[in-house]
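Chains as they are written, first to last, in the working numbering: chain A, 1 to 113; chain B, 1 to 115.
What the hints contain is simulated information worked out from the structure, not anything from laboratory work. Glycine included, every Cβ here is placed at the ideal spot set by N, Cα and C. Errors might be hidden in some of the hints.
Selected chain A positions facing chain B (Cβ under 8 Å, derived; list incomplete) [claimed, not checked]: (1) Gly-42; (2) Asp-56; (3) Ser-106; (4) Gly-107.
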Amino acid sequence: EAGVAQSPRYKIIEKRQSVAFWCNPISGHATLYWYQQILGQGPKLLIQFQNNGVVDDSQLPKDRFSAERLKGVDSTLKIQPAKLEDSAVYLCASSLDRGELAIFGSGTRLTVV
Amino acid sequence: GESVGLHLPTLSVQEGDNSIINCAYSNSASDYFIWYKQESGKGPQFIIDIRSNMDKRQGQRVTVLLNKTVKHLSLQIAATQPGDSAVYFCAENRGSGGSNYKLTFGKGTLLTVNP
Chain A
1 EAGVAQSPRY
11 KIIEKRQSVA
21 FWCNPISGHA
31 TLYWYQQILG
41 QGPKLLIQFQ
51 NNGVVDDSQL
61 PKDRFSAERL
71 KGVDSTLKIQ
81 PAKLEDSAVY
91 LCASSLDRGE
101 LAIFGSGTRL
111 TVV
Chain B
1 GESVGLHLPT
11 LSVQEGDNSI
21 INCAYSNSAS
31 DYFIWYKQES
41 GKGPQFIIDI
51 RSNMDKRQGQ
61 RVTVLLNKTV
71 KHLSLQIAAT
81 QPGDSAVYFC
91 AENRGSGGSN
101 YKLTFGKGTL
111 LTVNP
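Based on the sequences and whatever the hints tell you, model everything.
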């Protein structure tokens, strides 16, 4: 079974630029999560989708972060404009349904300079 | 505030020894806990979980203990191997009748296994 695919693996941008990350969850998984993991810390949930609808985006900085999952399959997370403190690994995870165990991708490491 | 944290940020053990990684949580409403292993450059990988109606659960070489009285859980790894070297996170879930799944992660403990 293929895992959660994320791209790119690494990204370096200057502050105030924009960036987008892509995630393709495990086939058939209805629930998709985006987490932010700052170096030395545990992952923090940014947004949770159920199919193409948002379940929880309470910790998403909506002034600069946006995410979509238009067809209920793959998803993109965008940051515009980026700040230095956005440097982190952005992890995507998916689960068969809400309440089921989530499987994580390897993440995209973002460095903002 | 609500938090999940770890007592020890780093742990170094000899190959073959047993390892114990500790975690404290403050939210008494948490009803489900997970231990994850994260190797460098990879996402967190599920190790073992435990529900709040249990105080012990065993897997292959791993055991999780939950003490609700002091809001503490631990991960025990038997006969630690070099491949166990990683950062270990505990995470808590405040389930809403099983229909929601929102994990709060602790900061992690770096386990180093010396050959």
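> For this structure, which hints from the list above don't hold up?
Replying inline: none
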